[in-house]
Amino acid sequence: MSPDQPLPPLDLTADVLTLTRALVDAPSVSGTEGPLADAVETALRGLGGLEVLRVGDTVLARTNSDRDSRIVLAGHLDTVPIADNVPSRLETVDGEERLYGCGTSDMKAGDAVMLRLAGRFGVPGAEPARDLTFVFYDNEEVEAVRNGLGRVAREHRGWLYGDLAILMEPTDGAIEGGCQGTLRVVLTVTGTRAHSARSWLGVNAVHGAAGLLATLAAYEAREVEIDGLHYREGLNAVRIEGGVAGNVVPDECRVTVNFRFAPDRDEDDAVAHVREVFADALAAGVGFEVTDLSGGALPGLSEPAAAAFLAAVGQPARAKLGWTDVARFAAFGIPALNFGPGDPNLAHQVGEYTRVDRLQPAEDALVAYLTDDTGSDA
83 MSPDQPLPPL DLTADVLTLT RALVDAPSVS GTEGPLADAV ETALRGLGGL
133 EVLRVGDTVL ARTNSDRDSR IVLAGHLDTV PIADNVPSRL ETVDGEERLY
183 GCGTSDMKAG DAVMLRLAGR FGVPGAEPAR DLTFVFYDNE EVEAVRNGLG
233 RVAREHRGWL YGDLAILMEP TDGAIEGGCQ GTLRVVLTVT GTRAHSARSW
283 LGVNAVHGAA GLLATLAAYE AREVEIDGLH YREGLNAVRI EGGVAGNVVP
333 DECRVTVNFR FAPDRDEDDA VAHVREVFAD ALAAGVGFEV TDLSGGALPG
383 LSEPAAAAFL AAVGQPARAK LGWTDVARFA AFGIPALNFG PGDPNLAHQV
433 GEYTRVDRLQ PAEDALVAYL TDDTGSDA
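Take any residue in the sequence shown, note its place counting from 1, add 82, and you have its number in the numbering used here.
Some hints here could point you the wrong way.
What the hints assert, rightly or not - Pairwise CB distance ranges (calculated):
#1 GLU133 x LEU172: 35 to 45 Å
#2 GLU173 x LEU375: 39 to 49 Å
#3 ARG127 x VAL268: 44 to 54 Å
#4 ALA296 x LEU172: 44 to 54 Å
#5 GLY130 x ALA303: 43 to 53 Å
#6 ASP93 x ASP446: 18 to 28 Å
#7 ARG127 x GLY310: 33 to 43 Å
#8 ARG236 x LEU403: 19 to 29 Å
#9 ASP93 x PRO163: 20 to 30 Å
#10 ARG275 x ARG228: 30 to 40 Å
#11 ALA354 x THR272: 19 to 29 Å
These aren't lab readings, by the way, just hints derived from the structure by calculation.
Where is the CB? At the ideal position from N, CA and C, for every residue including glycine.
Start from the sequences and build out the full structure, keeping to the hints where you can.
Okay, here's the thing in C-alpha cells:
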C-alpha cells in the first residue's frame with residue numbers, strides 16, 4: 083500500500099487483535115503517518131462523544147463528562163523503517179500465537195488498545211469513572227525536535243493535563259514507572275600531530291583518552307529506590323573517534339559518553355555529576371560538550387490515580403530503565419507510567435512480533451480501571 087493512499091476505515095468495534103492487524107498493515111514510518119492519522123481522526127470523530135483536535139499528524143480526543151479525575155493515554159503512530167515485515171502475519175510458535183509485523187510491539191498493539199477504549203468510552207451515553215484524553219502522535223522514532231507529543235506540549239499544553247498519564251509503550255503487560263533521564267557528553271582530548279615514524283615529536287590524543295576509559299571502567303553505578311522501584315544508573319563510552327591517517331599521530335580524540343540517570347536527579351544535577359566524575363581530566367584541559375540531554379520522570383506511584391491503576395492491574399510496578407515520553411508529562415508534574423502489551427525486547431527487530439495473549443488482558447485491565455468508581459482517586 084502506498085504511504086499516500088487513503089486507508090480503509092478503522093472499525094473500533096472489532097476485537098483488539100483485528101484492530102492491531104489493521105494498524106500494522108497501514109504503513110506509517112516516521113514522517114509518513116498522514117494516512118493513518120487521517121483514519122484515526124475519522125474513526126474518533128465518528129464516535130460522536132469526543133472532542134477531537136488535529137495537530138499536524140497528531141490526533142487528540144477527549145471526553146468531557148465532568149468527572150473528578152482525568153487520565154491521559156498516549157501512543158505514537160509511527161514505526162521504524164519497514165524491513166519486508168508488512169503486511170502482518172499470524173503464526174503459532176511452540177504453542178504461542180504471535181502477530182508478526184513492523185510496529186506490532188512498538189507500538190501499534192498499544193494504539194489498538196487505546197482505540198478500543200475510545201470506541202467504548204467515546205460514544206454518547208458512555209459513563210467512564212474518569213474522563214479520558216487520547217493522544218495518537220507522530221514522529222516518536224526520530225529526532226526529538228520532530229516529536230508530535232513535544233509539539234502538543236508547546237502549542238496545546240492544556241490537552242496533556244490529567245491526574246495520571248499512561249504511555250502505551252511496550253512493557254510486555256507490566257507496569258513500568260517513570261523513566262530514566264539521558265545525557266550525552268563529548269569529551270575531547272587534544273594532542274600534537276606528527277609522523278608516526280617520528281612519534282616522539284607528537285602527542286597522541288588517542289593514547290591520552292586512556293585515562294577517560296579507565297575512569298569509566300572503574301565507575302560504580304548508583305542504585306536508588308524511588309516509590310519502591312529500583313533504578314540503576316549507568317555511565318558508558320558509546321563512541322570513540324580519532325585518527326587522521328595510517329601514518330599520522332592523531333592530535334584529537336573524541337569520546338562520547340552516555341549517562342543514564344535515575345529520575346531523582348534533574349538535568350543540572352546530571353551534568354554536574356558527569357563533570358565531577360571527569361574533574362581531573364577537565365582540569366587537565368579535556369573538552370566537555372553536552373550534545374543531548376533529556377530529564378527523567380518520577381513514577382509518582384503514591385499519587386491516588388497511579389495507586390488505583392496499580393490496584394486495577396493487580397501487579398507491582400517496576401522501574402523503567404530507559405527514556406520514554408512519560409518525561410514530557412512529568413515535566414508538568416503529572417504522574418506517568420508505561421503500560422503496553424508489546425515486548426520492548428522485540429522493538430525495531432525485523433522479526434518483531436507481539437504475543438496475542440497479551441492484547442486482551444491489557445485492554446481488560448484498563449477497562450477495569452476506567453470503570454471502577456469505588457474509592458475516589460481525585
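Going down the list of hints, with the structure as the test:
Roughly 36 Å separates the CB atoms of GLU133 and LEU172, a value that falls within the hinted 35 to 45 Å. Range check, GLU173 to LEU375: Cβ separation about 42 Å, and the 39 to 49 Å hint holds. The given range of 44 to 54 Å is respected by ARG127 and VAL268, whose C-beta atoms sit roughly 47 Å from each other. Between ALA296 and LEU172 the CB atoms are about 51 Å apart, so this pair conforms to the stated range of 44 to 54 Å.
For the hinted restraint 43 to 53 Å between GLY130 and ALA303, the CB-CB distance of approximately 52 Å keeps it satisfied. Look at ASP93 against ASP446: about 20 Å separates their beta carbons, and that is inside 18 to 28 Å. For ARG127 and GLY310, the Cβ-Cβ distance of about 41 Å falls inside the hinted range of 33 to 43 Å, so the restraint holds. For ARG236 and LEU403, the Cβ-Cβ distance of about 28 Å falls inside the hinted range of 19 to 29 Å, so the restraint holds.
As the Cβ distance of ASP93 to PRO163 is approximately 28 Å, the hint placing it in 20 to 30 Å holds. At roughly 39 Å, the beta-carbon separation of ARG275 and ARG228 lies within the given 30 to 40 Å, and the hint holds. Taking the beta carbon of each, ALA354 and THR272 are about 24 Å apart, inside 19 to 29 Å as hinted.
Of the numbered hints given earlier, the model fails none.
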